[in-house]
Every structure is written in structure tokens, then in C-alpha cells.
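Colleague: Sequence:
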Amino acid sequence: MKTHILSVYSSLTLVAILLQGISLLNALMVWMDVDMLQTILADKEEIHNLGEIPLSRAPVAMIFVADKHYGMQADEEWESLFGDNSGFIRLDAVSNPFELSLYHQLHCLNGLRKLLIHPGWEGDEEKEWHFRHCLNFLRQAILCNGDTTLEPSFQYELENGTSVPASHGTNVAQECRDWTAVRSFVENNGRSFRDIPYNLSLKQGSEQW
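When the sequence shown is numbered by full-length UniProt numbering, its final residue is 209 and no position is left out of the sequence of numbers.
Keep in mind that the hints were calculated from the coordinates and are not lab data.
A quick note: this is a predicted structure, and the numbers were derived from the prediction, not measured.
The beta-carbon is built from N, C-alpha and C at its ideal position, and this holds for glycine as well.
Hints are not guaranteed to be accurate.
Cut-off 25 Å, straight-line C-alpha distance, at most; resulting in silico cross-link-like pairs (SDA-like, lysine to any residue) [as the list claims (entries may be wrong)]: (1) 68 with 175; (2) 68 with 78; (3) 114 with 126; (4) 114 with 66; (5) 68 with 149; (6) 68 with 138; (7) 68 with 127; (8) 114 with 74; (9) 114 with 65; (10) 114 with 103; (11) 68 with 156; (12) 68 with 110; (13) 114 with 154; (14) 127 with 82; (15) 127 with 111; (16) 68 with 112; (17) 68 with 154; (18) 68 with 119; (19) 114 with 78; (20) 127 with 112; (21) 127 with 75; (22) 127 with 148; (23) 114 with 99; (24) 68 with 169; (25) 114 with 131; (26) 68 with 54; (27) 127 with 73.
Okay, the calculated beta carbon distance ranges per label pair [stated by the list, open to error]: (28) 114 with 58: 30 to 36 Å; (29) 120 with 150: 26 to 32 Å; (30) 142 with 68: 23 to 29 Å; (31) 68 with 191: 28 to 34 Å; (32) 127 with 60: 33 to 39 Å; (33) 146 with 98: 20 to 26 Å; (34) 68 with 139: 25 to 31 Å.
Full structure from sequences and hints, please.
Modeller: Shown next, in the form of C-alpha cells:
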């Protein structure tokens with residue numbers, strides 16, 4: 001009987017030791033994972049989640065039209081979209097400026113336009129980087145907004161003679177953010193901080209990304 005009890009006790013002791021060893025091993029693995037994650041994050045760009053400017057999100061209606069303005073060669077019209085501050089605002093007198101994503105998207109679209117009308121930039125490392133950046137940024141911006149407005153279709157004939165459905169998207173009422181209110185906010189913000197210098201560290205080209 002004593003032998004049986006001692007055997008059971010020894011088995012339980014062994015199990016306890018094994019469980020304690022497993023717990024210590026798990027703790028060590030977690031510590032190594034956290035340490036590795038901290039190392040990875042230290043080598044990566046900081047992820048920001050700063051919210052939005054304090055404006056009403058009440059939707060407004062906008063009808064998309066085939067506008068004769070903002071053509072490929074209309075430099076002045078494109079530049080007029082940005083205003084004096086190019087879409088940058090300040091939250092206070094000491095922090096660095098922030099760019100509103102709306103203006104970043106317009107900047108990228110305008111940048112792609114300029115690259116298309118001024119050929120010969122292939123091989124220019126800085127311009128090729130800008131092209132890739134803007135193409136990727138606009139792709140993600142479109143997916144992020146996820147516009148599900150229904151657009152009427154028409155039959156479009158391909159070169160091989162077959163017809164496929166297509167849509168030009170004009171004369172369709174869209175539910176939009178009031179971009180004129182956003183522009184007014186940016187302009188008023190710029191006037192408020194006009195005489196206060198930035199506190200920025202300068203970086204060249206793609207180094208800032």
C-alpha cells in the first residue's frame with residue numbers, strides 16, 4: 001500500500017515539475033516574442049491613428065459631370081485645388097503640421113498627370129518612386145472609401161467586335177463629404193498659424209517615407 005502511495009506521489013510530483021517547466025518555457029517564449037516584436041517595430045515606420053479634423057460628417061449631394069476643366073494641360077486649374085497651405089494644417093503652435101488625406105490624394109493624382117504629360121522620366125529613381133507611391137496610395141484610398149453608388153451601364157464594343165457592359169459614371173448623384181467645408185477649415189487654420197514657424201527636420205526625397 002505504501003509503495004503504491006509513494007508511486008502515485010512520485011508521479012504527481014513529476015507531473016507538477018513538468019507543468020512548471022512547461023510554464024517557464026511558455027513564459028520564455030512569450031518574452032522572446034515580445035522582444036522580437038519590439039525589435040521589428042523599432043525598425044519599422046510608426047503606425048499613426050490620429051483621427052480626423054473636427055468637421056461635421058453630414059453628407060452632401062454631388063452630381064458627377066464630364067467637366068471640360070482640369071484637363072491634362074490645365075496646370076493652373078490643378079494647382080488651384082490646393083490653396084496656400086497645400087492641405088497641411090496645425091493642431092497647435094508647437095506640433096508639426098499634418099496633411100489631410102484628401103489633399104494627399106489630389107497631390108498624387110496631379111503628380112501622375114504631370115508624369116504622363118512629361119515623358120522621359122523613366123530611369124529617374126526619384127520620379128519612379130513617386131509614381132509607384134502615388135499609384136499604390138490612390139489604390140488604397142479608393143478601396144478605403146469603398147464607394148458603392150450604382151452607375152447605369154451601356155454596351156461598349158471592343159476591337160474584336162464583342163460588346164461588354166461599361167459605365168462612364170457621369171450624371172449620377174453621389175453622397176459625398178462636403179469638400180468645400182474641408183477647404184475652408186484648411187484655409188482658416190493656415191491663417192491662424194501663419195506667423196508661427198514649423199519645427200521640422202528636413203529629409204530628402206523618399207527618405208521621409
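Colleague: Hints first: check each against the structure and report whether it holds.
Modeller: The hints, checked one at a time:
A hinted pair counts as satisfied when its Cα atoms are at most 25 Å apart, and residue 68 with residue 175 qualifies at roughly 22 Å. For the suggested pair residue 68 and residue 78, the alpha carbons sit about 13 Å apart, so the restraint of at most 25 Å is met. Proposed proximity of residue 114 and residue 126 is supported: the alpha carbons are some 14 Å apart, at most 25 Å. Proposed proximity of residue 114 and residue 66 is supported: the alpha carbons are some 21 Å apart, at most 25 Å.
Of the supplied pair hints, the one linking residue 68 and residue 149 holds, its CA atoms being roughly 23 Å apart against a limit of 25 Å. Among the hinted pairs, residue 68 with residue 138 is consistent with the structure: their alpha-carbon atoms are about 23 Å apart, no more than 25 Å. For a cut-off of 25 Å, the pair hint linking residue 68 to residue 127 is broken: about 28 Å separates their Cα positions. Annotation: proposed proximity of residue 114 to residue 74 holds, straight-line Cα distance about 10 Å (limit 25 Å).
Proximity of residue 114 to residue 65 is assessed by CA-CA distance (about 23 Å); at most 25 Å being required, the pair is judged to hold. The hinted pair formed by residue 114 and residue 103 meets the criterion: a straight-line CA distance of about 16 Å does not exceed 25 Å. The straight-line distance between the Cα atoms of residue 68 and residue 156 is roughly 23 Å, inside the 25 Å bound, and the hint therefore holds. Of the pairs offered as hints, the one joining residue 68 and residue 110 holds, with about 16 Å between alpha carbons and a cut-off of 25 Å not exceeded.
Distance hint between residue 114 and residue 154 is unfulfilled; the C-alpha atoms sit about 31 Å from each other, more than 25 Å. For the proposed pair residue 127 and residue 82, the alpha carbon gap of about 21 Å is at most 25 Å, so the pair holds. As the CA atoms of residue 127 and residue 111 are separated by approximately 9 Å, the hinted pair is consistent with the 25 Å bound. For the suggested pair residue 68 and residue 112, the alpha carbons sit about 19 Å apart, so the restraint of at most 25 Å is met.
For the given pair, residue 68 sits about 22 Å from residue 154 by alpha-carbon distance, which is consistent with the 25 Å threshold. A hinted pair counts as satisfied when its Cα atoms are at most 25 Å apart, and residue 68 with residue 119 qualifies at roughly 23 Å. Taking the CA atoms of residue 114 and residue 78, the gap is near 10 Å; set against the 25 Å cutoff, the hint holds. Restraint check: the Cα-Cα separation between residue 127 and residue 112 comes to about 10 Å, which is no more than 25 Å; the hinted pair holds.
Under the criterion of a C-alpha separation no larger than 25 Å, the hint pairing residue 127 with residue 75 is consistent with the structure, at around 18 Å. Restraint check: the Cα-Cα separation between residue 127 and residue 148 comes to about 33 Å, which exceeds 25 Å; the hinted pair is violated. Between residue 114 and residue 99 the alpha-carbon distance is near 21 Å, which keeps this suggested pair within the 25 Å criterion. Proximity of residue 68 to residue 169 is assessed by CA-CA distance (about 15 Å); at most 25 Å being required, the pair is judged to hold.
Of the pairs offered as hints, the one joining residue 114 and residue 131 holds, with about 10 Å between alpha carbons and a cut-off of 25 Å not exceeded. Under the criterion of a C-alpha separation no larger than 25 Å, the hint pairing residue 68 with residue 54 is inconsistent with the structure, at around 33 Å. Distance hint between residue 127 and residue 73 is fulfilled; the C-alpha atoms sit about 19 Å from each other, no more than 25 Å. Distance hint check for residue 114 and residue 58: the Cβ-Cβ separation is about 35 Å, which falls inside the suggested range of 30 to 36 Å.
A hinted range of 26 to 32 Å is violated for the C-beta pair residue 120 and residue 150, which are about 41 Å apart. Our hint of 23 to 29 Å for residue 142 and residue 68 holds, since their Cβ atoms are close to 24 Å apart. For residue 68 and residue 191, the hinted distance range of 28 to 34 Å is satisfied, since their beta carbons lie about 32 Å from each other. The beta-carbon spacing between residue 127 and residue 60, approximately 36 Å, falls within the hinted interval of 33 to 39 Å.
Between residue 146 and residue 98 the C-beta distance comes to about 23 Å, which sits within the given range of 20 to 26 Å. The beta-carbon spacing between residue 68 and residue 139, approximately 27 Å, falls within the hinted interval of 25 to 31 Å.
Consistency with the previously given hints fails for numbers 7, 13, 22, 26, 29, ordered from lowest to highest.
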